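Note that the protein sequences, when read in sequence, are chains A and B.
Using this note's numbering, read the first sequence as starting at 1 and increasing by one per residue.
Using this note's numbering, read the second sequence as starting at 1001 and increasing by one per residue.
Please note that a few of the clues may not be correct.
[What the hints assert, rightly or not] Computed beta-carbon distance windows for the label pairs:
1. B/Asp1186 / A/Glu61: 16 to 22 Å
2. A/Lys15 / B/Lys1074: 27 to 33 Å
3. A/Lys39 / B/Lys1188: 36 to 42 Å
4. A/Arg31 / B/Lys1021: 41 to 47 Å
5. B/Thr1067 / A/Glu77: 51 to 57 Å
6. A/Arg31 / B/Glu1066: 36 to 42 Å
[Stated by the list, open to error] Cβ-to-Cβ under 7 Å is the rule here; a few derived chain A residues that face chain B:
7. Phe14
8. Leu23
9. Tyr28
10. Lys39
11. Gln52
Think of the hints as simulated: they come from the structure by calculation, not from any bench.
All values derive from a computational prediction rather than experimental measurement.
For each residue, glycine too, the CB sits at the ideal point set by N, CA and C.
Chain residues, written in single-letter form:
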Amino acid sequence: METRTDLEMLDDEFKKKNFMERLSFVKYWARYVKNHDDKLWSKGQKKLIDGQFDMAKRFYEGDSEKESKRLIRIMKEFQINKRSMRKSS
Amino acid sequence: MEYDKEKKEIRTTKILNELDKFTIEFIDIAKKFVDYVIVSGYVAILLGRTRASEDVDLLIPQMKKETFVDLWEKLKSEGFECLNTTNIDGAFSMLDEHAIRFAKGLPIPNIEFKIIKTDLDKHALDNKLKVILDDYFLYVSPIELQIACKLYLGSQKDLEDAKHLHDIFKDKINKGELLDFIKELDVKDRFDLMEEYGDTYRFRDVG
């Protein structure tokens, strides 16, 4: 979870340098957006954003598939146990 | 991107991403029932920032219960659902205290629906900008206010959003107004830091 950017936090040299580099890149990207056609820079933005939502979708769908398989396995085990109990009785 | 200060319009021919399309789909429904303004992170993203967000923040004026019910029913018929509750009355009461969220299918992305509370919220709605995207348009907070609010929120991500908006529009925004908001929110040190740090490293031009 991100916290407020207190100036004291930036006493950590590593964090400070990292933040400086990030802000410099933001400046560079803003210049790129200003100097290039909207259709060009937005292609890159679209790849990034759509990619993240695609991953999230696959995560949710993957989980429900995993859960269905788990339930099927449990039901099969229950059926096998029921049959063996009937045989022994 | 073209910013017409007089008309309070920004025109862009950007290729829409999934977050843009989701927002447009929701706004297309909501705008028939309520006035709105988009604030916070999505404003920077809409205008070119290279990050995603799991939500889009919307400020709306106080609604009458009947109008809220009509909006709720229409959203539901179009596949949107409230993530906080399935109860309309409960959702309407919640709006007095905090935001409620609407999503479609998956929990993200979602729209965060909030009632205007402060003078700055009201300023955002009264002075909203129209962002025109080919066949659609969306209303967003004025850039000057958005930059100052992002500085106020203060995380590294927020300062980066502020830097992006400032650098894209610095030739067009009202610098006096920006400084007024910065003073009001007491974030001058963060603004100075944002400017100083953004000048540290250089990158070569590509494309």
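Status of each hint after checking the structure:
Distance hint check for B/Asp1186 and A/Glu61: the Cβ-Cβ separation is about 46 Å, which falls outside the suggested range of 16 to 22 Å. A hinted range of 27 to 33 Å for the beta carbons of A/Lys15 and B/Lys1074 is inconsistent with their spacing of about 47 Å. Checked against the given bound of 36 to 42 Å, the beta carbons of A/Lys39 and B/Lys1188, roughly 37 Å apart, stay inside it. The supplied range of 41 to 47 Å is broken by A/Arg31 and B/Lys1021, whose beta-carbon atoms lie about 27 Å from each other.
One distance hint, 51 to 57 Å for the beta-carbon pair B/Thr1067 and A/Glu77, holds here, with the actual separation near 54 Å. Separation of A/Arg31 from B/Glu1066 is about 49 Å and departs from the stated range, judged on CB atoms against 36 to 42 Å. The closest approach between the C-beta of A/Phe14 and any C-beta of chain B is roughly 13 Å, which is over the 7 Å cut-off, so the hint fails. The interface hint given for A/Leu23 holds, since its Cβ lies 4 Å from the closest Cβ of chain B, which is under the 7 Å cut-off.
Annotation: A/Tyr28 was flagged as interfacial toward chain B, and the flag holds, the nearest CB pair being 4 Å apart, inside 7 Å. At its closest, the beta carbon of A/Lys39 sits 6 Å from a beta carbon of chain B; the interface hint therefore holds under the 7 Å criterion. Interface hint status for A/Gln52: upheld, as the beta-carbon distance to the closest one in chain B is roughly 4 Å, under 7 Å.
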